[in-house]
Amino acid sequence: MKSVAIVGASLAGARAAQELRAQGFDGRVVLVGAEPHLPYDRPPLSKAFLAGTAERESLDLLDAEDTASLELRLGTRAERLDAAGGRLVLSDGADLTVDGVVLATGGRARTLPGTAGVSGVHVLRTLDDALALRAELVPGVRVVIVGAGFIGAEVASTCRSLGLDVTVLETLATPLERVLGPRLAEVCSRLHDRHGTVLRCGAAVDELVTAGGRVTGVRLVGGEELPADVVVVGIGMVPATEWLAGSGLEVSNGVHVSSGLVTALPNVVAVGDVAAYTSEKGGRRHRHEHWTNASEQAGVAVANLLAGATTRHYAPSGYVWSDQYEGTLQLAGHPERGDEVVFTEGGPDAPAFVATYQRDGVTVGIFALNSAKQFTRLRRQALRRPAPVA
Amino acid sequence: MLRACTVDELPPGESVRIAGPEPIAVFNADGEVYAIGDTCSHQDASLAEGWLEGCFVECPLHAALFDLRTGQPSCLPAKQPVRTYEVLVDNGVIYVQAERLENTEDAA
Ligand SMILES: Cc1cc2nc3c(=O)[nH]c(=O)nc-3n(C[C@H](O)[C@H](O)[C@H](O)COP(=O)(O)OP(=O)(O)OC[C@H]3O[C@@H](n4cnc5c(N)ncnc54)[C@H](O)[C@@H]3O)c2cc1C
Ligand code: FES
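Top to bottom, those sequences are chains A and B.
Sequential numbering from 1 applies to the first sequence in the UniProt record's numbering.
Sequential numbering from 1 applies to the second sequence in the UniProt record's numbering.
So that you can see chain B by itself, here it is in the shape it has in the complex (with noise of 0.2 Å):
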């Protein structure tokens, strides 16, 4: 588990980018907290530095549109999908699913 933020640094529409296994990028969608892998599959881009659109987010470079919720893009340039993680909010804080490098057993 990782604490991203709490929930009042995360507004409805602002996101934050977090170190993890990899980096990750944590929404608000109108008020749904979702994570996905930082960098997107096309090249590699901060998707936290992208545009949301509703459970989308535009990456800030070429603007394929990844679905927060699958980690699917919709859209050319990218065509492989990035990673999703679980969220968990608990107490005013957001926590993300995953484990850190050095503990990562069944990620290989």
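Chain A with its partners taken away, still in its complex shape (with noise of 0.2 Å):
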């Protein structure tokens, strides 16, 4: 294998890169981005980069050493792939063939219908969509968030820190009940409550009410209006791969790869937010939007791609933080509704505890507010041989 495209130049794109270094590639690795913007990282997007503390620069995920060995290509959206030969259509003409491909192209943020175009809504995916954002949270404003999973629970904390009034809409009935169980979702909703943030559960949006073009306020199922100078919308993330359309692979919620993270195609492999996987035992498809599962992904795919075969299978930690309020939430391993909570520090009122899920006797999880070190050891103890992915 002499040369190597990635597609999609944010976290999985750049680990990407790192690793096929570390690994002994030293052949052309073609990094294609469609943002503009060097590589950066975006869990910061939502927390100290819209709370105004942190510089862009610290955002970076590449340095000067990793990007000399690369050719970056930023701007530039890879519009068509022949996988089988390995040929790449850029946005601005580029005709590329390489001997192996990586598909990094994460996703983008999921949006209301009927609110492009209106000023004063927002989504939170990208550096721009920060910017655009941290510009309108100007004291005074009242916030509206629609949808109060991580990204929702996150920058309603962040509005907080900046003083404003904040209404998050959920229609569940308990945020993130999904992630954390029926128990510690409850649990985590209250910090809501703590610090002052509205939350309305059950509410599902109807429309937003505008004038001027510019939103005015929230409009809920049922007839009540909410008024609203800004509203942030955080309901989830879309893959993004209509480009893949006639490649020749595999797609639907993701690019399907295998265990090892391989398309059909033993060049072609995906990693990130954007790869649906097949878990080496139980043959069920996932697809995490987490951090350290694109981290993570980036050595196995990359090991499998120079190596033409399957080497290695991804085992997912299932490790996921959110910084909320005052508060860190640590969540390992991979928790089902049924499983049993169990608190093995502090209490669900305490403001730091750790909190294990149990099923059929075995420790399949682990959750911790503010409790890092205990977190830490549970999880490389307790969780030693992987999670029991089904």
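Just so you know, these hints were derived from the structure itself, not from any lab.
All figures in this text were calculated on a predicted structure; none of them were measured in a lab.
Glycine included, every Cβ here is placed at the ideal spot set by N, Cα and C.
Treat each hint with caution, since some may be false.
Far from chain B, some chain A residues (derived; all Cβ distances over 12 Å) [what the hints assert, rightly or not]:
no., residue
1, Lys-2
2, Ala-14
3, Phe-25
4, Ala-54
5, Asp-60
6, Gly-85
7, Asp-92
8, Pro-348
Simulated pairs of lysine-lysine, DSS-like, Cα-Cα distance not exceeding 25 Å [to be verified]:
no., chain 1, residue 1, chain 2, residue 2
9, B, Lys-79, A, Lys-373
10, B, Lys-79, A, Lys-47
11, A, Lys-281, A, Lys-47
With the Cβ distance kept under 8 Å, some of the chain B side facing chain A (calculated, not the full set) [as the list claims (entries may be wrong)]:
no., residue
12, Arg-17
13, Asn-28
14, Gly-50
15, Trp-51
Since each chain comes alone in its own frame, lean on the hints to assemble the complex.
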């Protein structure tokens, strides 16, 4: 293998570039990224960067040494892939033929219908999104956030730290229930209340209220209208795969790959938020949208790409963190609805606690609030065997 | 010279955090004692709360790995090294070669 193109210049793409060099590949590496920016890290976009306390440079994912060994094509979109032939057509007209391809195109924020072009309405996925939102978070604005998942909760927390008036709307009865299970989701949802954020569960948005092209409120199903100067829509993401139509690859809710993150062709792998892989044992398809997943998949995918065969399988650690209000939330493993939650330190009302998820007498997950040390020890000891992914 | 703790107080695999010019994390990595700046160069996690693996410590927040011998991170999200300090064991007591803030003339 003499040349590799990586499509998508964010975390998964940047990590794949680093892994190629770390694993001894000395050929040509082309990193193609639709955004004009040097690869940057997203987690601070809803936290310190949105609050204005982290600089742009602190988000950089690659240092000068990394980029010196790459051919960077930023502000350039990959428009077509002929996977079997290793041919890529880029938006600047370039036509590249390479031996290997890493797909790392992540996804874009899902929007609410009827919100395109309405000012004051934001999603949060990119640096430019964060800059646009940040510019509107001025004293006195009333913020309504649609969706109380991790990103919605983090934006709510950042807005509260800026002293703004915040309401979060959630269609579920308890936010994050699918990720944390009912018990701990309930514990976390109370963080909003404790910090002066109004959380409205079971609230579905009917439409936005606008005046002169700018949002002025949100109308709920049922008719109630909430005034709003800024609306942030945090209702998930859509994997960026449209451009793969006609590529010969199998795609639906992500790029289909094996447990080694390899597509049906050994010269094309997928990593990060866009990769829908089949777990080694159960055969079920999974796609994760978390930092550690993107980072850890890169090493496995690159090893298999360079070997031309699946030599490593991906075993997810299921590690996710989130910073909300004064708290750091940490989750490891893959809890399910019926798991029993056992508090090992503190309790549900404590400012710091650790809890485990038990299934058939086995620890299958760990959750901690403000208890990084105990969390890390449990994660490394109790979850040593890879969490069973059905 | 800062006194960290006694050798007995720091069994293999353990760590302590001590105050110094900056907080310092002292580790016993399988019998070898190392000291590095305690604050992760990515955000502000305490590396003394991290997980020891050979002569690397994994940050407890976002799992960047730091080499205890050099302070260099070996993976994202950290990109900057943390400081390393010399360690001296004398008479069962672990000392770290670091001055307190008031007499750090050449640290500037
Ligand atoms: C605001 C925010 C906060 C987050 N906070 C956390 C957190 O606290 N903890 C956590 O675990 N995770 C967090 N995440 C999730 C984490 O950032 C993602 O899992 C990670 O960014 C995934 O990386 P990726 O490279 O797979 O995809 P992405 O980061 O989505 O990057 C994909 C890149 O590919 C580019 N691209 C797409 N199509 C093309 C094309 N055709 N040609 C060229 N380029 C293309 C896109 O422009 C984009 O730059 C957060 C995400 C966001 C948005
Ligand atoms: S704070 Fe240490 S890796 Fe982020």
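Against the structure, the hints:
No beta-carbon of chain B comes within 12 Å of the beta-carbon of Lys-2/A; the shortest separation is about 26 Å. A cut-off of 12 Å between C-beta atoms contradicts the statement that Ala-14/A is not in contact with chain B; the least separation is 8 Å. No Cβ of chain B approaches the Cβ of Phe-25/A within 12 Å, the least distance being about 17 Å, so the stated non-interface status holds. At roughly 9 Å, the least C-beta separation between Ala-54/A and chain B is not larger than 12 Å, which violates its mark as non-interface.
Not every beta carbon of chain B lies more than 12 Å from that of Asp-60/A, the smallest distance being close to 7 Å; the non-interface claim is violated. Separation of Gly-85/A from chain B is adequate, the least Cβ-Cβ distance of about 32 Å exceeding the 12 Å criterion. Against the 12 Å criterion, Asp-92/A stays outside the reach of chain B, whose nearest CB is about 28 Å from its own CB. Listed as outside the interface, Pro-348/A is consistent with that label: its C-beta sits roughly 22 Å from the nearest C-beta of chain B, beyond the 12 Å cut-off.
Restraint check for Lys-79/B and Lys-373/A: satisfied, since their Cα atoms lie roughly 22 Å apart, inside the 25 Å limit. The hinted pair formed by Lys-79/B and Lys-47/A meets the criterion: a straight-line CA distance of about 19 Å does not exceed 25 Å. About 37 Å separates the Cα atoms of Lys-281/A and Lys-47/A, which puts this hinted pair outside 25 Å; it is violated. For Arg-17/B, the shortest C-beta to C-beta distance to chain A is roughly 10 Å, which exceeds 8 Å, and the interface hint is violated.
A hinted interface residue such as Asn-28/B counts as satisfied when its beta carbon comes closer than 8 Å to some beta carbon of chain A; here the least separation is about 15 Å, so the hint is violated. With its C-beta approaching chain A no nearer than about 6 Å, Gly-50/B sits inside the 8 Å limit, and its interface hint holds. For the restraint placing Trp-51/B at the interface with chain A, the shortest Cβ-Cβ distance is roughly 5 Å, inside the 8 Å limit, so the hint holds.
Violated hints, in rising order: 2, 4, 5, 11, 12 and 13; the structure is consistent with all others.
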